[in-house]
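Visitor: Since the structure of chain A is already known, use the hints to place chains B, C and D on it.
Chains as they are written, first to last, in the working numbering: chain A, 3 to 340; chain B, 3 to 340; chain C, 3 to 340; chain D, 3 to 340.
Keep in mind that the hints were calculated from the coordinates and are not lab data. Since the structure is predicted, the reported quantities are computational estimates derived from the model, not experimental observations. A portion of the hints provided could be inaccurate.
Mimicking SDA-like on lysine to any residue, the simulated pairs with C-alpha atoms at most 25 Å apart in a straight line are [what the hints assert, rightly or not]:
| id | chain 1 | residue 1 | chain 2 | residue 2 |
| --- | --- | --- | --- | --- |
| 1 | A | 289 | A | 325 |
| 2 | A | 39 | D | 131 |
| 3 | B | 289 | D | 121 |
| 4 | C | 163 | B | 224 |
| 5 | A | 163 | D | 222 |
| 6 | A | 289 | A | 334 |
| 7 | A | 39 | D | 127 |
| 8 | C | 39 | D | 302 |
| 9 | C | 39 | D | 3 |
| 10 | C | 39 | C | 219 |
| 11 | B | 163 | C | 222 |
| 12 | C | 39 | D | 6 |
| 13 | A | 44 | D | 130 |
| 14 | D | 39 | A | 129 |
| 15 | A | 39 | B | 323 |
| 16 | A | 289 | C | 125 |
| 17 | B | 289 | B | 327 |
| 18 | A | 39 | B | 304 |
| 19 | D | 163 | B | 311 |
| 20 | D | 160 | B | 311 |
| 21 | D | 39 | C | 304 |
| 22 | B | 39 | A | 305 |
| 23 | B | 289 | B | 267 |
| 24 | D | 289 | B | 124 |
| 25 | B | 289 | D | 128 |
| 26 | A | 160 | A | 115 |
| 27 | A | 163 | A | 50 |
| 28 | A | 44 | A | 23 |
| 29 | C | 163 | B | 222 |
| 30 | A | 39 | D | 130 |
| 31 | B | 163 | C | 221 |
| 32 | C | 39 | D | 303 |
| 33 | C | 39 | D | 323 |
| 34 | A | 163 | D | 223 |
Number of protein chains: 4
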Amino acid sequence: MNFRSDNTAPAAPEIIAALTRVNEGAASAYGEDQWSKLLDEKFSALFERDVRVFTVASGTAANAISVASLTAPWGAVLCHRESHIECDECGATEFYSGGAKLVLIDGDGAKVSPEALSEAISRNDRGVHSVKPFAVSVSQATERGAVYQPSEIAALGKVAKDAGLGVHMDGARFGNAVAALGCRPADVTWRAGVDLLSFGATKNGAITAEAIVCFDPARAEEIARRRKRSGHLLSKGRFVAAQLLAYLEDDLWLRLARRSNALAAQLAHAASSYLSHPAETNQIFIKPGAAALERLRAAGAEFYDWGAAGSGEARLVVSWDQGERDIEAMRGQLASLR
Amino acid sequence: MNFRSDNTAPAAPEIIAALTRVNEGAASAYGEDQWSKLLDEKFSALFERDVRVFTVASGTAANAISVASLTAPWGAVLCHRESHIECDECGATEFYSGGAKLVLIDGDGAKVSPEALSEAISRNDRGVHSVKPFAVSVSQATERGAVYQPSEIAALGKVAKDAGLGVHMDGARFGNAVAALGCRPADVTWRAGVDLLSFGATKNGAITAEAIVCFDPARAEEIARRRKRSGHLLSKGRFVAAQLLAYLEDDLWLRLARRSNALAAQLAHAASSYLSHPAETNQIFIKPGAAALERLRAAGAEFYDWGAAGSGEARLVVSWDQGERDIEAMRGQLASLR
Amino acid sequence: MNFRSDNTAPAAPEIIAALTRVNEGAASAYGEDQWSKLLDEKFSALFERDVRVFTVASGTAANAISVASLTAPWGAVLCHRESHIECDECGATEFYSGGAKLVLIDGDGAKVSPEALSEAISRNDRGVHSVKPFAVSVSQATERGAVYQPSEIAALGKVAKDAGLGVHMDGARFGNAVAALGCRPADVTWRAGVDLLSFGATKNGAITAEAIVCFDPARAEEIARRRKRSGHLLSKGRFVAAQLLAYLEDDLWLRLARRSNALAAQLAHAASSYLSHPAETNQIFIKPGAAALERLRAAGAEFYDWGAAGSGEARLVVSWDQGERDIEAMRGQLASLR
Amino acid sequence: MNFRSDNTAPAAPEIIAALTRVNEGAASAYGEDQWSKLLDEKFSALFERDVRVFTVASGTAANAISVASLTAPWGAVLCHRESHIECDECGATEFYSGGAKLVLIDGDGAKVSPEALSEAISRNDRGVHSVKPFAVSVSQATERGAVYQPSEIAALGKVAKDAGLGVHMDGARFGNAVAALGCRPADVTWRAGVDLLSFGATKNGAITAEAIVCFDPARAEEIARRRKRSGHLLSKGRFVAAQLLAYLEDDLWLRLARRSNALAAQLAHAASSYLSHPAETNQIFIKPGAAALERLRAAGAEFYDWGAAGSGEARLVVSWDQGERDIEAMRGQLASLR
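Looking at chain A on its own, in the form it has when it is part of the complex (with noise of 0.2 Å):
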């Protein structure tokens, strides 16, 4: 019963297939071999416009990249108090910025509202003695499992909008939003103000394809060059490039994303007189007590603290190929906790 993270799941054998398909004979490096060349426009058909596609090793450097793209270094970018940028990811974006300053905003559910944007957006613009508000950066879905409706994705780009504001999305779930949602991903994007998306493979299903996706042409050069000066553009690119072909291939993504939601529904369920946050995506937070968690974990449930220390408050998170089992498992535990 690991319902540790999605990140200790391998991958999918759609997934390896494509890795096998592509490793045949000579083709071009760094990005300019036939598969690569197709990304573009796997991405534009999925977004219903044109957009650019530069693969990364990692979320941290799809998101880093992304928003120092967006911000001068002196520069405030406005996050979530409980973003991944701000907590999980070693300063990465201080450190693609040049030393941007991460201003951080509260909200439920790891949700950044347009009130509360619009809020530190005027209270951090304060001339040349303060750094200046260049970006909002959102997770989708969010670090606690929920999801920003296209409604209020546009509700807060037009805020940032308004103020001059880039807007980035990081999408380490972004499959798990959308499958969610069942909207088209243009409507949580680049139709609601989204410029740069953090479009993430790897925690569902992949082994290592992370994309930035580039809905202003006028950023593609920036970011073109941060990928490569960062260490990110990869020699061997077609190996990637069939990780995300395949992802996308049949709605393989939404798939395996809708299969992870729908079983952390089950868990949900099952939990739901002790979450601590609605369920909406793969991702559950319960907070049962410590002494709880203590009987899960004694149950052979594996799984995060989460929140305060001591707070008795957990993450569970369902993998693409989460066990049946497993699941019944953890349902009859999260039940015997009522």
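Guide: Frame of chain A, contents of chains B, C and D only:
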């Protein structure tokens, strides 16, 4: 007849098989999996001493993280004028180091001599008004396909250590160098004064597998932080670990490198009258003039021009999987140029 | 009735005279002149131990160079939410440090308590995925005019040292703090665990004279390099040295600070019923409401609003040369608000 | 007989007087005072067009902020091998720019020729794998005391603009250059394609007064931010403004520069048989051999050796206040070496 780069080659079957083998069930993320944990042990055996190994996504990352860990931002890093870190990494070293300066050294075969190193150190140590020499970086094999003998590295290492400099080795083609030298890996690295090695596997049969081998335990924590912060700590670490384990197993790395070296030697033999550098590894440099290069291309050969524009010089790189027929055909073409 | 800032004040006559005095004939550049060479000695006497002194052009530079010398780029620097380095330096700390993160602490009077520091350290030390606490920075006097007692600094210093953190003190108004405390400068600095002090003279009577006082000889070389590299090593160093020597001579710095503190106390007395913070140095904070502030302005008082927009709070700063008539008039105005 | 550097000179009496004159009463801080506000107007008149002026504390800061504002972090900045930004600023350009690379150009008299610039641009523009030329920086006068004619700057400017590069001029000795050329300041700056000028006054009679003159309004905001962020926005701005206003008034700057140029010409005349560069401004370079230099020193002359160690070359710099007796005596010494 593609001799453009060993980066254009596919992955060796052993590497693909290793990926498949580890793709089973859950495994801890971020290098805490069982395979990643074997890396230190296997590389320690290879290098005959305790080492720490940090996988990264590219040779550029391995180089930049290493060099940044050897210099202050106000440092000078001495390297050859043709080195990869100077010419081909879009300023990655400057980025990672926070603005250190590469000070360029000339030398045949893209090699740095102890005398030139010594001179560069003393010329560049001029007090607070100038950057201060902190490190030297050499490539093994070099960008001109040459190798340093163990005694040559040791002589450089002594000059460096006497001046308080750290020593980095860019081993993007370390396998080809060691195969050519027939020496123990330790003899051209830590025993000769190397502190950090960029150990490349990608060009020589891997998919994407590069590593920093750290011979100085005091620098390990810094490397770990720099790796995470730059987005090079992979979540599903098992897949890169698997590649490196397979690469070392039964000396796969040396077998592949010996083959490409040997085939390159055949080409060099055919081109002996117009080689611009002695052929020592899997890269050879020919200077038959621009017209002759045109004839080679007309005959179907693919390769890059090298050196100054219009110099009539070219580089031919033999890959681990280069077909014997390719070699045969190219030998004929090269011989016909004489 | 200008109480906007002590930055608006002119220079003391002693400072101007000192400039004229050293303006004779040739003097070595870049701090090798006879006056600059006295700085270490004079400050060592003042602080009762060997120190190294590095003049810079601004308090921002003193702070940023100091803090950068105490942290790795992947470090967390703990400081108060209202600290100058967070609010008023356009991200200078992030720039100089190569992207370290300021982690904000709350506390009355813009003071950091040992408990809050301890909590922030433990909450932010989460392994390689997060920045790592390297330093704490406190202001003496604080941005709310409060002072730390020697015992308070010592308690903070102990928490910091126990956790391996460096300690920086922003002493833009160090004179006002020491004048208020009546203590020895050593007691609130190195004896209490402070490693680096930004020693400010500009606000308290100098033209442009700020210095980093380095209590840790091991960090001197790094500070020297960072100063030069950022353009803060002045060629005609005699003029800034002359200011600092005059500032220390016959305790000019304390005499000026005592005066402004005393005058501020008179204002505070007049405003005692609506002071928002106890008045300890030359800055006082009043919260008489927005309408009352408007009346003050209508009566000719100049000052900045403070705190949240519309809070009805304001800051009054008394300068070293504040006229007695100004004080008299302002006391009347303040008393009339009650 | 001190000819070490114009940095060793005191300040002109007009400069000191100006300081005293502005030292009256309160004045707005951070460049909002009445004198600072005159700077744009006075410099606009001098340069015959609207300019923005940003004072900073040193020539290094002026250079580094300017160049950083003309390049991306992944940019190449082309400059002469002997330029101050390469040799004497401890990597300030790399620091401020976030790691741009200085690409070095050779040329007599430390001058960059249009041909050499053109060649360096085309050689260094190699796509994403390499840094990309963004700017050229030239010194006027150069580090070898030479001046660029307006037509020479215009030719460089054209090459730069045609390639999309920004143009920076290091005018640490701009006064000496303009005095020597007898041209309008506009003719060697914006009319010839210069975007940003480091306008130095310190060496030529000021205490500490350097400024960035911005001919491109679109870059002003960035310069303002970089200045603040690096600690070069001074709180008591009136004092630096006063120096610059006095420096321009009644052409003080040109009068001082003409004098030192003329005296240097006298020395050059005496040393004409062993000048290593034509003497054009207040720096002269002689190459009488090491033994002769020793004799000069034995006779009481102070100066720096120049060029390669042991080359027997030296630099003599004449300051604005150099005594006539010094010149007389030195002329005798120089003549006796023939």
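Visitor: Each hint needs a verdict: does it hold in this structure or not?
Guide: Hints, verified against the model:
1. The hinted pair formed by residue 289 (chain A) and residue 325 (chain A) meets the criterion: a straight-line CA distance of about 24 Å does not exceed 25 Å.
2. Restraint check: the Cα-Cα separation between residue 39 (chain A) and residue 131 (chain D) comes to about 18 Å, which is no more than 25 Å; the hinted pair holds.
3. A C-alpha spacing of about 23 Å is found between residue 289 (chain B) and residue 121 (chain D), which places the hinted pair at or below 25 Å, so the restraint holds.
4. Restraint check for residue 163 (chain C) and residue 224 (chain B): satisfied, since their Cα atoms lie roughly 21 Å apart, inside the 25 Å limit.
5. Pair hint residue 163 (chain A) plus residue 222 (chain D) holds up; C-alpha atoms about 23 Å apart against a cutoff of 25 Å.
6. Taking the CA atoms of residue 289 (chain A) and residue 334 (chain A), the gap is about 17 Å. The hint holds against a cut of 25 Å.
7. At most 25 Å may separate the alpha-carbon atoms for a hinted pair to count; residue 39 (chain A) and residue 127 (chain D) meet this at roughly 23 Å.
8. Among the hinted pairs, residue 39 (chain C) with residue 302 (chain D) is consistent with the structure: their alpha-carbon atoms are about 24 Å apart, no more than 25 Å.
9. Between residue 39 (chain C) and residue 3 (chain D) the alpha-carbon distance is near 23 Å, which keeps this suggested pair within the 25 Å criterion.
10. For the proposed pair residue 39 (chain C) and residue 219 (chain C), the alpha carbon gap of about 17 Å is at most 25 Å, so the pair holds.
11. Proposed proximity of residue 163 (chain B) and residue 222 (chain C) is supported: the alpha carbons are some 23 Å apart, at most 25 Å.
12. For the hint pairing residue 39 (chain C) with residue 6 (chain D), the CA-to-CA distance comes to about 19 Å; that is within 25 Å, so the pair holds.
13. For the given pair, residue 44 (chain A) sits about 23 Å from residue 130 (chain D) by alpha-carbon distance, which is consistent with the 25 Å threshold.
14. For the given pair, residue 39 (chain D) sits about 17 Å from residue 129 (chain A) by alpha-carbon distance, which is consistent with the 25 Å threshold.
15. Proposed proximity of residue 39 (chain A) and residue 323 (chain B) is supported: the alpha carbons are some 24 Å apart, at most 25 Å.
16. Of the supplied pair hints, the one linking residue 289 (chain A) and residue 125 (chain C) holds, its CA atoms being roughly 20 Å apart against a limit of 25 Å.
17. Annotation: proposed proximity of residue 289 (chain B) to residue 327 (chain B) holds, straight-line Cα distance about 23 Å (limit 25 Å).
18. With a C-alpha separation of about 20 Å, the suggested pairing of residue 39 (chain A) with residue 304 (chain B) holds against the 25 Å cut-off.
19. For the suggested pair residue 163 (chain D) and residue 311 (chain B), the alpha carbons sit about 24 Å apart, so the restraint of at most 25 Å is met.
20. Among the hinted pairs, residue 160 (chain D) with residue 311 (chain B) is consistent with the structure: their alpha-carbon atoms are about 24 Å apart, no more than 25 Å.
21. For the hint linking residue 39 (chain D) to residue 304 (chain C), the alpha-carbon distance of about 20 Å falls within 25 Å, and the restraint holds.
22. This hinted pair checks out: residue 39 (chain B) and residue 305 (chain A) have alpha carbons roughly 21 Å apart, not beyond 25 Å.
23. For a cut-off of 25 Å, the pair hint linking residue 289 (chain B) to residue 267 (chain B) stands: about 16 Å separates their Cα positions.
24. This hinted pair checks out: residue 289 (chain D) and residue 124 (chain B) have alpha carbons roughly 23 Å apart, not beyond 25 Å.
25. Straight-line distance between C-alpha atoms of residue 289 (chain B) and residue 128 (chain D) comes to about 22 Å, which keeps the hinted pair within the 25 Å bound.
26. The hinted pair formed by residue 160 (chain A) and residue 115 (chain A) meets the criterion: a straight-line CA distance of about 12 Å does not exceed 25 Å.
27. Between residue 163 (chain A) and residue 50 (chain A), the direct Cα distance comes to roughly 21 Å. Compliance with the 25 Å bound is thereby established for this hinted pair.
28. A threshold of 25 Å between alpha carbons decides the hint, and for residue 44 (chain A) with residue 23 (chain A) the separation of about 18 Å falls inside it, so the pair holds.
29. For the proposed pair residue 163 (chain C) and residue 222 (chain B), the alpha carbon gap of about 23 Å is at most 25 Å, so the pair holds.
30. In summary, the hint linking residue 39 (chain A) to residue 130 (chain D) is supported, as the alpha carbons are separated by about 16 Å, within the 25 Å threshold.
31. For the proposed pair residue 163 (chain B) and residue 221 (chain C), the alpha carbon gap of about 22 Å is at most 25 Å, so the pair holds.
32. A distance of roughly 23 Å separates the Cα atoms of residue 39 (chain C) and residue 303 (chain D); the hinted pair therefore holds under the 25 Å criterion.
33. With a CA separation close to 24 Å, the supplied pair residue 39 (chain C) and residue 323 (chain D) stays within the 25 Å bound.
34. Distance check on the hinted pair: residue 163 (chain A) and residue 223 (chain D) sit about 20 Å apart at the alpha-carbon level, within 25 Å; holds.
Violation of the numbered hints given earlier is absent; every hint is satisfied by the structure.
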